[in-house]
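Asker: Below are the chains, spelled out letter by letter.
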Amino acid sequence: MALNMPGRQTVPGKIELPENVVVSRLDELANWCRKNSLWPMPFATACCGIELMATGAAKHDLARFGAEVFRFSPRQCDLMIVAGRVVMKMLPVLQRIWQQMHEPKWCISMGACASTGGVFDTYAVVQGIDRFIPVDMYVPGCPPRPEQLIQAIIDLQDKIQHEGTITGREFDTSQRQLRKRALVEADQLLVLDAARNPVAQRELSAAAHRT
Amino acid sequence: MPHEPPAVDDVLATVTARFGQLETSVFRGQTSLVVPAAQSFELLEHLKEQGFDLLVDVSCVDYLEYRGAKQRYGLVYLLTSTTTNQRLTVRVFVDDPVSAEEKWPTVRSVVPLWRAADWLEREVWDLFGISFAGHPDLRRLVMPEEFTAHPLRKDYPLQGRGERHNFPVITRDHS
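If you read the sequences in order, they're chains A and B.
In terms of my numbering, the first sequence has 39 at position 39, counting the first letter as 1, and numbering is strictly consecutive.
Here my numbering = 1-based position in the second sequence + 1000.
So that you can see chain B by itself, here it is in the shape it has in the complex (with noise of 0.2 Å):
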């Protein structure tokens, strides 16, 4: 494989010794790490610390009706090292919240690690409605303000819930 990235065994290592053994997969020479939300934060930290001073990307997967998924929603975020040229990947699982005050999944916000985490988490928010705690300017990115829904959710219809129709109609009598 000429283009794989280096080893991140090292950084596995500092990883295991402050947060336990964690699970990790390997696939075409790359290393993911999936971590509880609850520790999400401290361990992306962690990560910066160890040179990772790169978030090339946050992303997010419904895995709604997934077969053998026991989640519903899983974050992905994409961590690069400019030094050493290592890749990382750290899945962090979340669910819909069980409680009636809490009306979205909710994780913290990477913003104060990364400032490239600012319109990524938007985004999240946006197409799959995951809040980010610590957010600075949680707002919509791509769809529309007065968008109501988050239509990247596997039970949103791919036609939409009508949202397009809202416009005004403009005809030759008031044109």
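Isolated chain A (complex conformation) (with noise of 0.2 Å):
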């Protein structure tokens, strides 16, 4: 048998691999390249699209998490991005374009107009894109910094990587939603520093009492 490298203990009924062989499933391969190759559609409005463009540039780079590919036909996308306050007369175009985007597909809602609003709660202004169309990702801030879009970003990617399947289970149930990495990292330095921190340590108390 191929598989029998010389000098390697066989053991029987079990399948052996050579070293340079990894085991995973489909799934995981396919989510792999999804979150890895994000092509963002940049719908952007107003001064977010200004922080989305920074962040696409040289000091912040988005390359580094392989989003830097901007596209401006949604047929070549599956990442919305919608950076600033969308009036009601704009909403149609936002529904349409978001699909004319190919599954899969995912939504960032950025900034605090694009999420509820924002200041501008009157007749002309939709209140929140989640109202209209699917959102995976909201990022606060009037306007967010690029680090706050990267961060949605990396916590999208997880949310890829563990909850996308190739038939697109993930979407039956809100159940499935992890919790964000930099929530869960957030609780476990708040551990680590209630070892010798005692303010840290009512606090993660209080904590505990609350939930």
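Heads up, some of the hints might be wrong.
[As the list claims (entries may be wrong)] Some chain A residues near chain B, calculated using beta-carbon distances under 8 Å:
| # | residue |
| --- | --- |
| 1 | 98 |
| 2 | 99 |
| 3 | 118 |
| 4 | 121 |
| 5 | 122 |
| 6 | 135 |
[As the list claims (entries may be wrong)] In silico SDA-like links for lysine to any residue, alpha-carbon gap of 25 Å or less:
| # | chain 1 | residue 1 | chain 2 | residue 2 |
| --- | --- | --- | --- | --- |
| 7 | A | 89 | B | 1123 |
| 8 | B | 1154 | A | 124 |
| 9 | A | 89 | B | 1122 |
| 10 | A | 59 | B | 1160 |
| 11 | A | 89 | B | 1168 |
| 12 | B | 1154 | A | 122 |
| 13 | A | 89 | B | 1048 |
| 14 | A | 89 | B | 1138 |
| 15 | A | 89 | B | 1126 |
| 16 | A | 89 | B | 1149 |
| 17 | A | 89 | B | 1171 |
| 18 | A | 89 | B | 1131 |
| 19 | A | 89 | B | 1143 |
| 20 | A | 89 | B | 1140 |
| 21 | A | 89 | B | 1152 |
| 22 | B | 1154 | A | 121 |
| 23 | B | 1154 | A | 120 |
| 24 | A | 89 | B | 1095 |
| 25 | A | 89 | B | 1158 |
| 26 | A | 89 | B | 1170 |
| 27 | A | 89 | B | 1147 |
| 28 | A | 89 | B | 1162 |
| 29 | A | 89 | B | 1141 |
| 30 | B | 1048 | B | 1059 |
| 31 | A | 89 | B | 1154 |
| 32 | B | 1154 | A | 119 |
| 33 | A | 89 | B | 1151 |
| 34 | A | 89 | B | 1161 |
| 35 | A | 89 | B | 1139 |
| 36 | B | 1154 | A | 118 |
| 37 | A | 89 | B | 1148 |
| 38 | A | 89 | B | 1118 |
| 39 | B | 1048 | B | 1013 |
| 40 | A | 89 | B | 1013 |
Think of the hints as simulated: they come from the structure by calculation, not from any bench.
In this text, a Cβ means the ideal position worked out from N, Cα and C, and glycines have one as well.
Take the two lone chains and join them into the complex the hints point to.
Answerer: Now the structure itself:
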């Protein structure tokens, strides 16, 4: 048998693999490819769009996360970043662009206006795009800094890796959604800190009391 | 005042000769003129003949519950002469119609005088609901076509009357 390397002991009934072979599920592989090659569709309508450009530019360099290929055709994109307020006259356009994007696709609602309407609580502005299209990640801020948008993309990558399947079953229920990595890490930091910091200890016990 | 426009006394004299004494006021060297709605087209036509060849803006103010206001809507026509650099503001005040047949306050359109008035009057119609008689194409300009209200009126609620909830909601199931 070709898999039997010289010098290695074989266990009866167990499959032997050469050293440089990794076994995984096809879902995991597909998700790994998807999460590391997000192609954003920039739906930038306001000042958040400027931060979005800064995120893609040299200093913050979104290419480090594989998401630098901004495409202005929805048919080439799988991540819609809504950056800025959406007026009600623009909403049919937004919905149409979302529908023109191929599955699998994700949406980041960037900034206070896209997420909630922000300060524009008027008849003309949509009070949160999630009322009309599905949203995977919300980025707070007015406008958010590039670091925040990058964090959202990292969280989205986690979500894609852990929840995405080729059949798209992850969208069936919200119970499958994982806790954001940043929040998990913050909790771990708090636990580490609590050993030597009485203030953090109090916070931790208060948090435990709340839950 | 370095940028004060030239005086318009010569034009005002011709206006007085034809239309009688109208209410005028001056603020920082800029003259404004109040004209009854019935005479507004004739006066603006006269002013165009006097050299005001550029209509800068047509706008409106809703004076609902405004202290001292006698009529509700105040239209604003900003005129400029590109040859003499004179500037003149014309105010036309109108009220909501009292009769049941008329739904909107109506003023004669000045599109026959200045083509620039086309979109400007459409905007006033869209946001204030003032109809312009004789306008060639009085459709909404900025709000969506299916919108029913005139949102810059003072009695229109800031957050709207639910107009933004008519859109289809796209979920993961059918996207």
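Asker: Which hints from the list above does the structure break, by number from lowest to highest?
Answerer: Per hint list: 3, 6, 10, 13, 24, 40 violated.
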